[in-house]
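Asker: What follows is each chain in one-letter form.
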Amino acid sequence: MKRCPKCTQTFADTETFCGFDGTKLISDSPPPQQNQIPVGTPVKTEAPHVASSPAASEPFERITCEWCQGINQKTALSCWSCGAPLDVKNLVSESGWREAPRIRDMTEIHFGLSTCQVEGEIVPAAELNLGQGDSVFFEHHVLLWKDDHTPMSVMSLQGGIKRALAGMPFIISVAHGPGRIAFSRDATGELVVLPLHPGMELDVREHAFLLASHHISYSYVRIKGLRNILFGGQGMFMDRFVTSDQPGLLLLHGYGNVFERVLRPGESIMVEPGAFLYKDSSVTMNIESQQLTTGFFGGTGMNLARMTGPGRIGIQSMYVHHHTD
Amino acid sequence: MTQTTHTCPWCGLVSDGSTLSCLACGASIDAHAVVTNSGWSELPGRKDMAKLQFGNSFCQIEGVYVPVADMSLASGESVYFAHHVLLWKDPQVNVTTMGLKGAWKRLLSGMPLVMTQAHGPGHIAFSRDAPGEMIAMPLQSGQAVDVREHLFLVATSQITYDWFQTGIWFTTRTGNESETHYPLGMFMDRFYAPATPGLLLLHAAGNAFVRMLQPGQAILVKPTALLFKDPTVQMQLHFEHPAGTWSSWRSWGNRYLWLRLYGPGRVAVQSAYSPLEDNGRNITSHSGATEQHWG
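Chains as they are written, first to last, in the numbering used here: chain A, 1 to 325; chain B, 1 to 295.
Don't read these hints as lab results, they were simulated from the structure. These numbers were taken from a predicted model, which means no experiment stands behind them. Beta carbons are placed, not taken as given, at the ideal position from N, Cα and C, and that holds for glycine. Treat the hints with care, as some may be off.
Here chain B is said to cover these stretches of chain A; the calculated rule only asks that three of the stretch's residues, wherever they fall, bring their Cβ under 8 Å from a Cβ of chain B [said to hold, decoys possible]:
#, segment
1, 144 to 151
2, 187 to 199
3, 276 to 283
4, 301 to 315
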C-alpha cells in the first residue's frame, strides 16, 4: 500500500502518483504510536484536499474519471483534476469519437496548491486562484482579468525570430501565485482540460492553448514537408507540451465542439486540417490532396490531413480561424 | 393491447414511439412543440448523439454549439455536399465530383462550383463554421424546398439539386458608377425528392424558427435571415422609410430593406444573420417591390 504525503489518501502499490493532486506516493508505513511522540511536540494534522473524505473506517471506494483517468471519491460529482462530470455517461459516437466532457458551470479543478474554476458555457472562462509557488503560462491575448497584485513575468523562448516569422506568439507570459487571474478566448467553444501525466508529449495547434501549469515544459515542433506547411492550415509550427517527472495541467480552447478519438497503431483517419486541435506526439500527420475538377471550369483542390496512430487525436467542429488582431 | 403511435411534430413521421428520437429527423420523442405567441416554432429539441436513418445508412448528430453530422454510409449509398463542409472521413470513403449545370453563372455569383459526392461504405462527417443548429429535413417523394445559398450542408442522393434566380435585386448609382445588389443572393438552391424520400441537412447560424403562412398572408423578414421556404411562398422586396427622416424614393436617406414573403407555405429564419449590404446611395431601379413611408 502507498500513501500520498499531501492528502493522505492511500493507493495500490502499482500506482506512482496521487490521483487527486499528482504528488509522488510514498510507502504507507504504519503511523507512529501516540506514546512515541515526546510530550510537548506539536502534532500537525493536514485536512484532506477532498471535502467529502470518507471516514477512516469506511472501505475506500473510488471513481476513475473516464476522460483523464483521475481517481475521485465515490461521492464526487465532477473530477478533481479535470472537472469532467462523473455522473454523466460518456458520449461516444458509433464511429468512435468521444465528446469532450461538458464541464458544468462553476466547476472547480485542482492542481498543485491552486484551483481553476470554469465559468460560463458558451465562451467559458477559466478563473485561477494560484497558490504560493504555483504559476501558469499563457499567450497574452487570452488574458481576461487579474488581481492587481498577481505577479507577472515572461518566459524566455528559444527561436524567437523563427516564431515571429511564423506568426506564433513571440512572448509567453507567466502569472505567479498567490493571486487570481482569468482567461478566455474569442469564440464560442469548449474548454478542454487535459491533465498531463508524467512522461506525456502532446502536440497542439498553434494559438489553441489557453494556459499550462509550470510543471509542463513548452516548446514547439516545426511541421515537416512543404505541403504540410502550405496546406496544413496551421502554419509552420505546432506547440508541444511535455511533462517529465511531475504531472501538469493544460487547458485548450476548441472552437465549437471538441471530439477525441484514439487511433490504434497504423489506423488512419482523414481530417480537415483546420479542424485539428491536438494529438499525442506518437500520431503522425501528413497532408494529402485531391483535385476536384469540372472540366473546362477547372475546379478546386481538397486537402485533408491523414492522421495515423497510435495515439489520441482531438478535433474542433468549428474550424474557421478567428484572429483577434 | 392497444398500439401506441407517435407523430413527430417536426417531420410528421409516424412511429411506434419505441425510440428516444425520431428516426427521420432526430427530434426527441418527448419534446413538445415550442411556439411563440406570434406563431414561430422553434426546432424541436434534439438529444446529443441523436441517430437518424436514411435508406440503409445512418447519421448521428453530435455536439451542441457547432453540431457535427457523422454519417455511416452503407454500400451503394451516397451523399453530396460542398467540399468546404467536410470535417473528417474514413480513408476508404470514395469522394468524387458531381456535375452541375450553369457553371459559368455559378462562378460569377460566388456559388460553389464543385459539388462533391461521397460514396459508401464508410464514415464521413460534416460541420459548418458558425455556432448554430443542425436542421434535418426529410423530404417525402414529390416534396421540394428552397434554401438560401451557402446554408446547405449535405443531402442524400435521392434528392436532386437545382438552383434558380431569386429575382430580388436593386441598383444604386453615384455619378457614373452604378452597382447591382442582391440582398438574397443571385441564386437560391432548390432541393427536390422526385421519386423516393431523402434527407437534407442544413446549418442555421444561431437559432432557427419556422412559421406556416396562410394563403395571402405576408410577413417581412430581413433578407439575410431567410433560411428556407416552401416553393409555394412568393418573395419580393419591400422598402420602408421611418418617420422623422428626410428621404424620398430615390434619394439618400434612412431606409429599411425587407423581404416580403407571401403564403401559403412554410418559411424559416435564422437568428444570427450577416448585415445586409446597402450603401445607402440612390436607388435607380429594382425588382418588383412595395414601399412604406411613415409620417
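Asker: Three residues minimum, CB to CB under 8 Å: does the segment 276 to 283 of chain A make the cut for coverage by chain B? Let me know.
Answerer: violated (count 0)
Asker: Count the residues of the segment 301 to 315 of chain A whose Cβ falls closer than 8 Å to any Cβ of chain B, and tell me whether that reaches three.
Answerer: holds (count 4)
Asker: With a Cβ-Cβ cutoff of 8 Å, does the segment 187 to 199 of chain A contain at least three residues near chain B?
Answerer: With 3 residues close enough to chain B, the hint holds.
Asker: Do at least three Cβ atoms from the segment 144 to 151 of chain A come closer than 8 Å to Cβ atoms of chain B?
Answerer: This one is violated; 0 residues, fewer than the three required, reach chain B with a Cβ under 8 Å.
The structure does not agree with the numbered hints 1, 3 stated previously, though it agrees with the rest.
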